[in-house]
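Novice: As you go down the protein sequences, you meet chains A and B in turn. Per my numbering, the first sequence starts with residue 1, numbered consecutively. Per my numbering, the second sequence starts with residue 1, numbered consecutively.
For the record, the hints were derived by calculation from the structure and aren't laboratory data. Do not rely on the hints blindly, as some may be mistaken.
A pair counts as met if it fits within one copy or between any two copies, since identical chains are not told apart.
[Unchecked claim] Below, in silico cross-link-like pairs of lysine to aspartate or glutamate (EDC-like), each with a Cα-Cα straight-line distance of 20 Å or less:
hint, residue 1, residue 2
1, K12, E47
2, K120, D273
3, K70, E228
4, K65, E241
5, K92, D138
6, K19, E270
7, K92, D123
8, K65, D186
9, K19, D106
There are 2 protein chains.
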Amino acid sequence: MPTSDGRLYGFKYVNGHPKNMREGRQTVTAFGVLADVGSGYPMLLSEMTILTALCTAATSALAAKYLAPKGSRAMAIIGNGAQSEFQAIAFKALTGIDRLRLYDIDRSASEKCARNLFGKGFDITICTTGQDAVEGVDIITTVTADKQCATILTDNMVGSGVHINAVGGDCPGKTELHRDILLRSDIFVEFPPQTRIEGEIQQLDADHTVTELWQVMTGQAQGRKTPEQITLFDSVGFATEDFSALRYVRDQLKATGLYEELDLLADPDEPRDLFGMLLRAALQPAA
Amino acid sequence: MPTSDGRLYGFKYVNGHPKNMREGRQTVTAFGVLADVGSGYPMLLSEMTILTALCTAATSALAAKYLAPKGSRAMAIIGNGAQSEFQAIAFKALTGIDRLRLYDIDRSASEKCARNLFGKGFDITICTTGQDAVEGVDIITTVTADKQCATILTDNMVGSGVHINAVGGDCPGKTELHRDILLRSDIFVEFPPQTRIEGEIQQLDADHTVTELWQVMTGQAQGRKTPEQITLFDSVGFATEDFSALRYVRDQLKATGLYEELDLLADPDEPRDLFGMLLRAALQPAA
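Same shape as in the complex, but just chain A (with noise of 0.2 Å):
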């Protein structure tokens, strides 16, 4: 990697594709970019399809931490595949979760979420329908990929207290919970104006009060006041927490040599010399 004096900018490439999954492919396809401000040269390309699961999942948890109810104990995991376990060992880690109910419309996944997440300290039930799954729990996870406006949780299936961390829905025209829930519940978001195009919220009218949760966090807004009270993350992914994982990603780059150099940009000795660096290029031997 080239010096920097530390000012960094970036960028992530990102890409939503459900029907991937059938070809064996990822349905998120993603990887980033942290560039120098000062020189505008690339200092760092990495994949972001794990990043992504990782700092979704953080945020999820992070959110948890001031909505849930105090003492949550028992999350509903409704869409079992690639970024369930992220979700699950964020909450164990930041709210205390040990108890989680799986379902999927494939129960293969539910079974490798639960396959994966054995001995990490969890009690887990595989379930067979959404509504067994959201019995007696104190969040409910909804992190399926289908690219519709679907209704993973109906209204009956939420009572009150719970905090919904919703996942799923997160662009135009993909959204997991029905409308009268959204109607029901306090609405925490990372920043209303991509939140209302993207997330659940979509469903809403442009100004439904919403609390942003950086206000939560910094104490200028309440989070959750009342037991009774439903709460919920609608969660899309905001820039700043992938410039955070990106960031983080660099920092341990030294410590861990997890890395290797790209030899991606033109680099002549004299840099007003590109074309004679390709003249004595074309002279050597190809390496």
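Please build the complex by placing chain B on the supplied structure of chain A, with the hints as guidance.
Specialist: Below, chain B without anything else, positioned relative to chain A:
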């Protein structure tokens, strides 16, 4: 590379940092990506500093084919940095230019350019002023890097019948020509909404008449009409040029073998088992 159905999309990451040169770095830092429309998987990651120089020069020479005076042989190149040789060679290939008059505020840049073009069929003169460089030429190429509204060409330097290839002015606040030259010229551009922001014509009224290059190429508009006319190609660089360059590179990969496979994406055996892939990777000794 993964297989693709052939439908590709792409993006270019590009920065212009004129100050980089003083630190021995490239002014234009760029790379590009081609990705598969069907799956969202990235297919190609390529440097684009060299590609930008190549396709900028190719587009300039293409424009000159339609706009420069018939039988043009002599070209002034003002600004003899990283892109200058590419411009010269493209013009030789497409318009038959074989006499170059070089000028740069740093004479060593002109000497570098002349040295790199030695033996490539040019009669080259290094000039001591811009005024000297434009003496008797058919085409004036300005390709300087400074990020400011400069006046590389003043009005008195441009005689009738000349074609101006204005390459360096390519972002807001970065121009090379005196406004009066623009007012005397017939102006041709890649894409008006972009060029009005980035090009020389940012100095003109928003409704100033310009002609799109593609219209000339398809016969829907006329290029050069008279020998006396001053034509100006206000080059800023348009996305389809970069997209074409990336596809060209991709088409050359198989035959040349000049690529390496990048392990950029998480690739679990079962796409929903991203976490399981990490578990299994953790059990294996580091490669």
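Novice: Indicate, hint by hint, whether the structure satisfies it.
Specialist: Verification of the hints:
1. K12 - E47: both (9 Å within a copy, 18 Å between copies)
2. K120 - D273: between (57 Å within a copy, 17 Å between copies)
3. K70 - E228: within (12 Å within a copy, 83 Å between copies)
4. K65 - E241: within (17 Å within a copy, 50 Å between copies)
5. K92 - D138: Only inside one copy: K92 and D138 sit 13 Å apart there, 73 Å across copies, limit 20 Å.
6. K19 - E270: between (48 Å within a copy, 14 Å between copies)
7. K92 - D123: Within one copy, since 12 Å is at most 20 Å while 74 Å is not.
8. K65 - D186: Only inside one copy: K65 and D186 sit 15 Å apart there, 65 Å across copies, limit 20 Å.
9. K19 - D106: Answer is within: at 15 Å inside a copy they meet the 20 Å cutoff, but 57 Å across does not.
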